[in-house]
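Fit chains B, C and D to the supplied structure of chain A, relying on the hints for placement.
There are 4 protein chains.
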Amino acid sequence: MKAVKLAVIYYSMTGINHQLAEWAANAGKSVGAEVRLLKVKELAPESVIEKNPAWKANTESTKDVQEAGSEDLEWADAIIFSVPTRFGNVASQMKQFIDLQGGLWAKGKLMNKVVSAMSSAQNPHGGQEATIHSLYTSMMHWGAIIVPPGYTDASIFKGGGNPYGTSVTQGQDGRMVEDVKEAVHHQAKRTVQVAQWIINGQNPE
Amino acid sequence: MKAVKLAVIYYSMTGINHQLAEWAANAGKSVGAEVRLLKVKELAPESVIEKNPAWKANTESTKDVQEAGSEDLEWADAIIFSVPTRFGNVASQMKQFIDLQGGLWAKGKLMNKVVSAMSSAQNPHGGQEATIHSLYTSMMHWGAIIVPPGYTDASIFKGGGNPYGTSVTQGQDGRMVEDVKEAVHHQAKRTVQVAQWIINGQNPE
Amino acid sequence: MKAVKLAVIYYSMTGINHQLAEWAANAGKSVGAEVRLLKVKELAPESVIEKNPAWKANTESTKDVQEAGSEDLEWADAIIFSVPTRFGNVASQMKQFIDLQGGLWAKGKLMNKVVSAMSSAQNPHGGQEATIHSLYTSMMHWGAIIVPPGYTDASIFKGGGNPYGTSVTQGQDGRMVEDVKEAVHHQAKRTVQVAQWIINGQNPE
Amino acid sequence: MKAVKLAVIYYSMTGINHQLAEWAANAGKSVGAEVRLLKVKELAPESVIEKNPAWKANTESTKDVQEAGSEDLEWADAIIFSVPTRFGNVASQMKQFIDLQGGLWAKGKLMNKVVSAMSSAQNPHGGQEATIHSLYTSMMHWGAIIVPPGYTDASIFKGGGNPYGTSVTQGQDGRMVEDVKEAVHHQAKRTVQVAQWIINGQNPE
Chain A
191 MKAVKLAVIY YSMTGINHQL AEWAANAGKS VGAEVRLLKV KELAPESVIE
241 KNPAWKANTE STKDVQEAGS EDLEWADAII FSVPTRFGNV ASQMKQFIDL
291 QGGLWAKGKL MNKVVSAMSS AQNPHGGQEA TIHSLYTSMM HWGAIIVPPG
341 YTDASIFKGG GNPYGTSVTQ GQDGRMVEDV KEAVHHQAKR TVQVAQWIIN
391 GQNPE
Chain B
191 MKAVKLAVIY YSMTGINHQL AEWAANAGKS VGAEVRLLKV KELAPESVIE
241 KNPAWKANTE STKDVQEAGS EDLEWADAII FSVPTRFGNV ASQMKQFIDL
291 QGGLWAKGKL MNKVVSAMSS AQNPHGGQEA TIHSLYTSMM HWGAIIVPPG
341 YTDASIFKGG GNPYGTSVTQ GQDGRMVEDV KEAVHHQAKR TVQVAQWIIN
391 GQNPE
Chain C
191 MKAVKLAVIY YSMTGINHQL AEWAANAGKS VGAEVRLLKV KELAPESVIE
241 KNPAWKANTE STKDVQEAGS EDLEWADAII FSVPTRFGNV ASQMKQFIDL
291 QGGLWAKGKL MNKVVSAMSS AQNPHGGQEA TIHSLYTSMM HWGAIIVPPG
341 YTDASIFKGG GNPYGTSVTQ GQDGRMVEDV KEAVHHQAKR TVQVAQWIIN
391 GQNPE
Chain D
191 MKAVKLAVIY YSMTGINHQL AEWAANAGKS VGAEVRLLKV KELAPESVIE
241 KNPAWKANTE STKDVQEAGS EDLEWADAII FSVPTRFGNV ASQMKQFIDL
291 QGGLWAKGKL MNKVVSAMSS AQNPHGGQEA TIHSLYTSMM HWGAIIVPPG
341 YTDASIFKGG GNPYGTSVTQ GQDGRMVEDV KEAVHHQAKR TVQVAQWIIN
391 GQNPE
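Chains as they are written, first to last, in our numbering: chain A, 191 to 395; chain B, 191 to 395; chain C, 191 to 395; chain D, 191 to 395.
Errors might be hidden in some of the hints.
Pairs involving identical chains hold if they fit within one copy or between any two copies, as the list cannot separate such chains.
Calculated cross-link-like contacts (lysine-lysine; reagent style BS3-like; alpha-carbon spacing at most 25 Å) [unchecked claim]:
hint : residue 1 : residue 2
1    : Lys299    : Lys241
2    : Lys348    : Lys299
3    : Lys379    : Lys299
4    : Lys195    : Lys253
5    : Lys297    : Lys246
6    : Lys348    : Lys297
7    : Lys379    : Lys303
8    : Lys241    : Lys231
Worth flagging that the hints you see were computed from the coordinates, not collected in a lab. Please read these numbers as outputs of a predicted model, since none were measured by experiment.
Same shape as in the complex, but just chain A:
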């Protein structure tokens, strides 16, 4: 049985989506996947980041995380995205990363990736649903196999019940409001599970 290659790709300003991504990466490893935890390139200038202590601290503490590239997408069997909302749509840093994959797409190298997505916002209904939908819309263009969590586990209800992907509210204090750790674990394990079925089905021993 070939191990699933899982890329967990995130953008994070103050650490929430980095945390979601890390939980997903760990859950992926726990079920035998080969995992790459990857951030997308920042668009904001350093001078802006400097002025925001939480942003600065997160940028520094994650400076050793590799930046995602086309080769990671080509390598991956499964991809989990984690991205905060910006006005009900993916942050432009993530959008730029997606836009830059036109070359890979044109070569047909993005087909049949198993994809799932997570998000965060500053209000309980602040675009978490819409942001995940936007991500999946782009994935449809890539010919992805989309695996939203639905209501496939009790942890999802506990985490706020978002069937499109785990989402969390970032409180005024910068911390997560809902307890979504288990929901993230489930989502990541299910994504790897579906990818494993597909790999096994494509390559019977």
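Below, chains B, C and D alone, put in the same frame as chain A:
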């Protein structure tokens, strides 16, 4: 190797989506799937249908097609939906069919279905994209594995290039404007293919 | 100054959306609108409703509410919809009501209505955003002027911060989880306000 | 009667959306609006643009168009966006422009803008609908008054019948496939018209 069980479920007023569904059903059979071609229950009263010759003719010519029920969804490994747009969203006949599956959903019987969707409208940009998205949104609630065609085959470009699902424009004369037959064949075969991988992967011999 | 004619159109199974609609209607009256509070036609057979005490009770207590018809839409300057989610999309009862307006639409009688929408779900992220978006998509086909609340008032944050429209979670006990009354009041008043500006602007004294 | 202040904000790689924006700007002027035609900041490095003759030519021919800034949004009564799809969502250049308005948004300066949007793609169903929807979703966060064209004029049917906003297909030769000039004119005039009603209604003489 277990055969994929494919349910092709459609609503059709004047025959377009019945045709799309039939093409999908035939393509499914051609790659070894067990197929059920099923229509959803009509909501319009007979007196209204009577007054519209095209609607009446289609109702009569498809009267022997079975009506879809919860047992068909439980049976299926893969589901292809075909539904015309009504103001940028699925026709209410299809929405009612979906709404009625709450019982099956609550029992966890709708998880992991491999799903793909098709649509039609009276204008080239008359809601084909939006309607397919609405269908997939509901499928995310069911815990489905969503398999839009993307740009995984040349036939998709020829058929109008809708990566979310095959869609067609119904002309003033009631006929299809674009030539989407091959795109439908590809979409159905790919849906069955992904379902086959998953079945094989779940049940290694 | 001509008064704004506001139609508040809802579907409600156990009373949540009836309550939202009533709050919206009252807020509309409080700012001088002429208001019609209207329910859409039920699709479920009586025998099904009978078996669900909460559904039955709500059906009985709202039996004197008028059913919405095309003439109400033609009459209205502004429309507020309130509809529970069913798998991330409007309940089929509401979808049927929308679908039936094809005749009015073809006559151009649905243009320039000022529209806003509200929703409810059983999980905090259970499709509230997606359902309101579906409604607005249909309204775009009607040529509506869409007035989502955005973050135009502090009450919106308090009610869960849904910028697309007020939404509420229905708890296990059947009651609303969030306190959205003020958010509904604001949304209704703003909808009437925008409609009033448009009426005044169209008909200078 | 105060003139409507209209900002037409676009991103264009090879000229299509610049052309749509220019048509909209001219139509706005023809009905008395004060108009600013504005492009958003490019994200691609010059070295990449240099290698693509069509991109380079468009960049040079539009080098005197002003870049949009927050002050333009604050100034405007109405905004028309024109942006190509990138994988079913707004190009990242436009997304970045939107994301950067957080400061203006927090001050409440983005409320009640009258907004409409246009798009283009390389396939007839290549994300035109989805891209315009994404833009409107962000506008809902801004508290905008959204004015999609619907089917409010015959020119819309002629241009492909996209009720969400005018959209066009870019052919292999780089040119527009559909004839959408009249549809753009109508959309821009209607947007200005609605904004004019609102201004007049807010400021009766």
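A quick look at each hint next to the structure:
Taking the shortest alpha-carbon separations for Lys299 and Lys241, only the inter-copy value of 23 Å comes in at or below 25 Å, while the best intra-copy value is 40 Å. For a Cα distance limit of 25 Å, the shortest separation of Lys348 from Lys299 across copies, 21 Å, qualifies, whereas the shortest one inside one copy, 37 Å, does not. Taking the closest pair of Cα atoms, Lys379 and Lys299 come within 25 Å of each other both inside a single copy (24 Å) and across two copies (20 Å). Taking the shortest alpha-carbon separations for Lys195 and Lys253, only the intra-copy value of 23 Å comes in at or below 25 Å, while the best inter-copy value is 45 Å.
For the homomeric pair Lys297 and Lys246, the shortest alpha-carbon distance between copies (24 Å) is at most 25 Å, but the shortest distance inside one copy (38 Å) is not. In this assembly of identical chains, the alpha carbons of Lys348 and Lys297 lie at most 25 Å apart only when taken from different copies (18 Å versus 41 Å within one copy). Both within a single protomer and between protomers do Lys379 and Lys303 lie at most 25 Å apart by alpha-carbon distance, with minima of 15 Å and 17 Å respectively. Taking identical chains as interchangeable, the C-alpha atoms of Lys241 and Lys231 lie at most 25 Å apart whether they share a chain (19 Å) or sit on different chains (23 Å).
Going down the numbered hints, you'll see the structure goes against none, and every one checks out.
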